[in-house]
Every structure is written in C-alpha cells, then in structure tokens.
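K.L.:
Sequence:
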Amino acid sequence: MKKITQILLLVICSTGFSQENFKNQITKKDLKKSTVTFESFTNENGDVSFGFRLDSLIVGPNLVISSNGTKTYQNYNKDHEIDGTVINMYKEKDEIELFTYRKGLKNGPAFTMTGGKPTKKEQYKNDKIDLGGFKVDPPGKYQLIKGDGFSGFTMEKYENNSYAIGYFKHGYKWMPIIHVWESGESYYGQCMSVRQGFGIYAYKNGDIYVGMWDDNYREGLGFVIDKNGNITEKGFYEGGVLKTAM
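So in this note's numbering, the last one in the sequence shown is 246, and the numbering has no gaps at all.
Some hints here could point you the wrong way.
Within a straight-line C-alpha distance of at most 25 Å, the following computed PhoX-like cross-link-like pairs (lysine-lysine) qualify [claimed, not checked]:
1. Lys103 / Lys29
2. Lys103 / Lys157
3. Lys91 / Lys33
4. Lys117 / Lys29
5. Lys125 / Lys91
6. Lys32 / Lys78
Treat the hints as calculated values from the structure; they're not laboratory data.
All values reported here derive from a predicted model rather than from experimental measurement.
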C-alpha cells in the first residue's frame, strides 16, 4: 500500500509539471514522416544561422550569431513559432537576456544579467509586460516534500558548490534559469526541477549543446558547436545519446 501511495504522489506531481511543459515539438515519429534537415548559412547582413528545418521551414533548436558577436539561442515548434526559452548573449555589453516564449509570443517570466548581476526581472503576457508579475498556483496536497518552497525570482546554492539563479516554483528550479557549476560549466534555459525543454549547456572544453532536454538528459533535436564555431554533432538525441545523426 505504501509503494502504491508513493507512485500515486509522483504521478500526480508529474502531471502538474507536464501541464506546463512545452508541447508540439519534433518527435522521433516526425523524423520518419517528414524531412528534417540541419542547415547553416550566412545572411546578407553577415549574421550566421545554424539550425533545423522541417520540409524547408525553420523548426527546433536554432542559433544566430550576428555580425557584432551577439548570440541568440531559440527553439521553434512544429508550427514554426518560437517556443521555449530565448537566450540573448551580448558580448560587448557583458549582458544576458532570458525570455519565455509560447507560440511565437513572450509569455512568462524573463530576466537580464549584466556583469554577472540581475538587472531586470519582468513577466510577459502576449508580448506585453504583465504588471501582475510572476504568479503560481498554490501547491496541491500531493506536492512533493519540497513543494512548499519559495516561488519567484531568487538564487539557490547547492551542496555540490553549484548555484542556480532565475525563477523557482514551490522551491523547484523553473524557467528561465541559469545554473552554474564550480567547474565553470553552465546551463541556460527551461527547468522543471531538472533540465526539461529547450536549453543550452556550456562545457568547460568550450563546447555548447543547443537543444532539447528531458529529465536532465539530451532528448530530441539538438546540436553541438565547439569554441571555434564548428558543428561537431547534430541530430536527434535519446537518453543523452545521439541516435539519429544528420
């Protein structure tokens, strides 16, 4: 009976998370039914783009490096709309912006880091600033043990000497979030306690994974770009492993 109750608690909690998860993303079935490709090209203004195409239309994880060095990481759903965390990195200003997009519009929390410090925190609704701010539903009676924790923008430090800054929900890392480890590695993007949805992971060797995540593992479309700007892996990941290379 005890085991059944524990399973029930996990299912109910997971269901609550999944209701806010981002759907309409490319799946393994889509790879079999449609033509998904990876393309890189330079625009007339000098911007360089890397990313996926579904039947020649933009889809999935993408990166644009502008001629002034600004990098924009974003994800597109199957309807070719920006969906998930958008990360803008401005090298000249030492500034990072993180926005939450749903179906092509800013919908959800956003924040800006300048010189390593938070300088702006905003909530958006349908592309406009929501003066009501960041709000979450009260934790349900079946919420996990940490479920009565803090909701909103904050920073948490962990026993492994890492820290996360961004938006939390009932004590869980939420979205968008920046998580930095003592080794210098870092993650920017969506969380649902764990890395979940679209995000980028910067490794200490200079590689950056740009793509989808599930339960802390690479899961879905993604690619790896090295410190010299070369794409070293691209395709569809399952359980953290590149299963379908492109």
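K.L.:
Run every hint past the structure and note whether it holds.
P.N.:
Here's how the hints hold up against the structure:
1. Lys103 / Lys29: Given pair Lys103, Lys29 holds - Cα atoms ~21 Å apart, limit 25 Å.
2. Lys103 / Lys157: This hinted pair is violated, its Cα atoms lying about 33 Å apart.
3. Lys91 / Lys33: With Cα atoms ~40 Å apart, Lys91 and Lys33 exceed 25 Å; violated.
4. Lys117 / Lys29: With a Cα-Cα distance of about 42 Å, the restraint between Lys117 and Lys29 is violated, given a limit of 25 Å.
5. Lys125 / Lys91: Outside the cut-off at roughly 28 Å; violated.
6. Lys32 / Lys78: 15 Å, holds
In this structure, the earlier hints numbered 2, 3, 4, 5 are contradicted, and the remaining ones agree with it.
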